[in-house]
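Protein sequence lines, in the order shown, are assigned to chains A and B.
All residue numbers for the first sequence refer to my numbering, where the first residue is 1 and numbers rise by one.
All residue numbers for the second sequence refer to my numbering, where the first residue is 144 and numbers rise by one.
What the hints contain is simulated information worked out from the structure, not anything from laboratory work.
Some clues are possibly wrong.
To be verified - Dumping the calculated BS3-like pairs for lysine-lysine here, alpha-carbon to alpha-carbon at most 30 angstroms:
#, chain 1, residue 1, chain 2, residue 2
1, A, K62, B, K299
2, A, K22, B, K299
3, A, K22, B, K395
4, B, K397, A, K21
5, A, K22, B, K350
6, B, K412, A, K25
7, B, K397, A, K22
8, B, K395, B, K412
9, B, K254, A, K22
10, A, K49, A, K25
11, A, K25, B, K254
12, A, K21, B, K254
13, B, K412, A, K22
14, A, K49, B, K254
15, A, K21, B, K350
16, A, K49, B, K395
17, B, K412, A, K116
18, A, K25, B, K299
19, B, K299, A, K21
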Amino acid sequence: MSAHASSPEITFQPDHSGGTKKIWKTFWLLSALTIVELILGLLIYNIHKGENPNHTLVLAFKGMVCILTLAKAYYIVSIFMHLGDEVRNLIMTIIVPLSLFIWFIAAFLWDGDSWKNLRNRYNRTEVKIENVAPAAKEHGAKD
Amino acid sequence: MSTAAVQQGTKWWTGGKSPFNASYGKVMMWYFLMSDAFTFGAFLISYGTIRFSVNDWADPNHVFNSFPFAGHANLPLAFVSLMTFILIASSVTMVLAVHEGHNMNRKGVEKYMILTIIGGIAFLSCQAWEWTHLLTGEHVALLNDGTLSILPTTVKANPWGPALSHEAVAAALQNTPQTQLAAIAASLHHGTEVHNVAAMSNAELIKFIESADLHASQTGPIAFGGYFFGITGFHGFHVFSGVIINIVMYIKTKLGHFDQRGHYEMIEKAGLYWHFVDLVWVFVFLCFYLI
Chain A
1 MSAHASSPEI TFQPDHSGGT KKIWKTFWLL SALTIVELIL GLLIYNIHKG
51 ENPNHTLVLA FKGMVCILTL AKAYYIVSIF MHLGDEVRNL IMTIIVPLSL
101 FIWFIAAFLW DGDSWKNLRN RYNRTEVKIE NVAPAAKEHG AKD
Chain B
144 MSTAAVQQGT KWWTGGKSPF NASYGKVMMW YFLMSDAFTF GAFLISYGTI
194 RFSVNDWADP NHVFNSFPFA GHANLPLAFV SLMTFILIAS SVTMVLAVHE
244 GHNMNRKGVE KYMILTIIGG IAFLSCQAWE WTHLLTGEHV ALLNDGTLSI
294 LPTTVKANPW GPALSHEAVA AALQNTPQTQ LAAIAASLHH GTEVHNVAAM
344 SNAELIKFIE SADLHASQTG PIAFGGYFFG ITGFHGFHVF SGVIINIVMY
394 IKTKLGHFDQ RGHYEMIEKA GLYWHFVDLV WVFVFLCFYL I
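Chain A extracted, bound-state conformation:
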């Protein structure tokens, strides 16, 4: 086991003698999660195709897909990248800074939504674009 110690300061090596069973288990798990994501994606597509899309349902499905993606990310990082086998200190120096993303995502999407509301309230160009087609029809009728 210590045959591949790369430095005398590294005092213990993770146990890799377990074989490839765990790797294949993770592969099937990732595949299954991806297939569930695809099924949810196709459900969203079919809801959008309908006459009156149920927006709450679409949002719920999208939320589920996001959670499944986070699960996939966890398995890739923890099993494939072996972060789960590292010392806790190292895990924390990676995970804690990345937790800033929670606020980044919330703040920026919030900002985007605010922009949309401000534009819809004060900016008339959106309305003008929607009116192009009927205006063109009148023009055509005169010809």
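Let chain A serve as the given structure and place chain B on it in line with the hints.
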């Protein structure tokens, strides 16, 4: 599990041992990947902000619905699922290569590195096809001047706005000059009938186009192409550099460098990078194709 091998209450910071129990190179690879995660995160969050700030965004099931050699068949999510599975499979072969490296099995490392490289090249080929398909696509969209025109999907053109009604299409056709009408008519009947569209009058062309039941839409937010090509391009560049790194690792394995060194840690570090590329794709897949 393995952490049980570490003695309880080990004083990591008293000197004489690596506090993270990992080599300098591996720790720095982790920090590089963390900084790269922030770069990708910034791109994806910027995309999300713009997408939240407009009323309509291109429906991914509408934009990405084609498959090589399937003609105009409507196959939402099919091709991108293939790409996703290619990348997951190449991630597994990579982790198997790392595993063989732990066992000091050179032949095993070589075999799995070759498979990983093939997976990476297959993914890049798929992306090349997808980009070509979008950049050369022909979609009829209503321009701001009230005419209909053929648009591809590029960083400057986005034909994926809301669909136009039949009345709106008919009205816009009346405003469209002959050259644009001829181009639309030519795009509608690829190969089936050869018409001399350049010589047809406006009225003839409009009759021809309407008989073909033209589907047209408004143009969408221009940012769509920039974000799509920018982020998938940045990811594709990571895949490309990953393939290069893996090829270098394969050659070094073949030359026996790691056997001489006594460990296969370089394979582990290349593996970390390759899994990170897969990890980013999981999020790109989510943000561009699924939601």
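Hint-by-hint comparison with the structure:
1. Taken as a hint, the K62 (chain A) and K299 (chain B) pair is honoured in the structure, with Cα atoms around 28 angstroms apart against an allowance of 30 angstroms.
2. Between K22 (chain A) and K299 (chain B) the CA atoms are separated by roughly 47 angstroms; this puts the pair beyond 30 angstroms, and the hint is violated.
3. Straight-line distance between C-alpha atoms of K22 (chain A) and K395 (chain B) comes to about 28 angstroms, which keeps the hinted pair within the 30 angstroms bound.
4. At roughly 26 angstroms between alpha-carbon atoms, K397 (chain B) and K21 (chain A) fall within 30 angstroms of each other, so this suggested pair holds.
5. With a CA separation close to 64 angstroms, the supplied pair K22 (chain A) and K350 (chain B) exceeds the 30 angstroms bound.
6. With a C-alpha separation of about 23 angstroms, the suggested pairing of K412 (chain B) with K25 (chain A) holds against the 30 angstroms cut-off.
7. For the given pair, K397 (chain B) sits about 27 angstroms from K22 (chain A) by alpha-carbon distance, which is consistent with the 30 angstroms threshold.
8. Distance hint between K395 (chain B) and K412 (chain B) is fulfilled; the C-alpha atoms sit about 14 angstroms from each other, no more than 30 angstroms.
9. A C-alpha spacing of about 20 angstroms is found between K254 (chain B) and K22 (chain A), which places the hinted pair at or below 30 angstroms, so the restraint holds.
10. Between the alpha carbons of K49 (chain A) and K25 (chain A) the distance comes to roughly 36 angstroms, so the proposed pair goes past 30 angstroms and is violated.
11. Distance check on the hinted pair: K25 (chain A) and K254 (chain B) sit about 21 angstroms apart at the alpha-carbon level, within 30 angstroms; holds.
12. Taking the CA atoms of K21 (chain A) and K254 (chain B), the gap is near 18 angstroms; set against the 30 angstroms cutoff, the hint holds.
13. The hinted pair formed by K412 (chain B) and K22 (chain A) meets the criterion: a straight-line CA distance of about 20 angstroms does not exceed 30 angstroms.
14. For the hint pairing K49 (chain A) with K254 (chain B), the CA-to-CA distance comes to about 46 angstroms; that exceeds 30 angstroms, so the pair is violated.
15. Between the alpha carbons of K21 (chain A) and K350 (chain B) the distance comes to roughly 65 angstroms, so the proposed pair goes past 30 angstroms and is violated.
16. At roughly 53 angstroms between alpha-carbon atoms, K49 (chain A) and K395 (chain B) are farther apart than 30 angstroms, so this suggested pair is violated.
17. Distance restraint check for K412 (chain B) and K116 (chain A): the Cα-Cα separation of roughly 44 angstroms exceeds the 30 angstroms cut-off, and the hinted pair is therefore not satisfied.
18. Among the hinted pairs, K25 (chain A) with K299 (chain B) is inconsistent with the structure: their alpha-carbon atoms are about 44 angstroms apart, more than 30 angstroms.
19. Distance check on the hinted pair: K299 (chain B) and K21 (chain A) sit about 49 angstroms apart at the alpha-carbon level, beyond 30 angstroms; violated.
The structure fails hints 2, 5, 10, 14, 15, 16, 17, 18, 19 (numbered hints given earlier, in ascending order).
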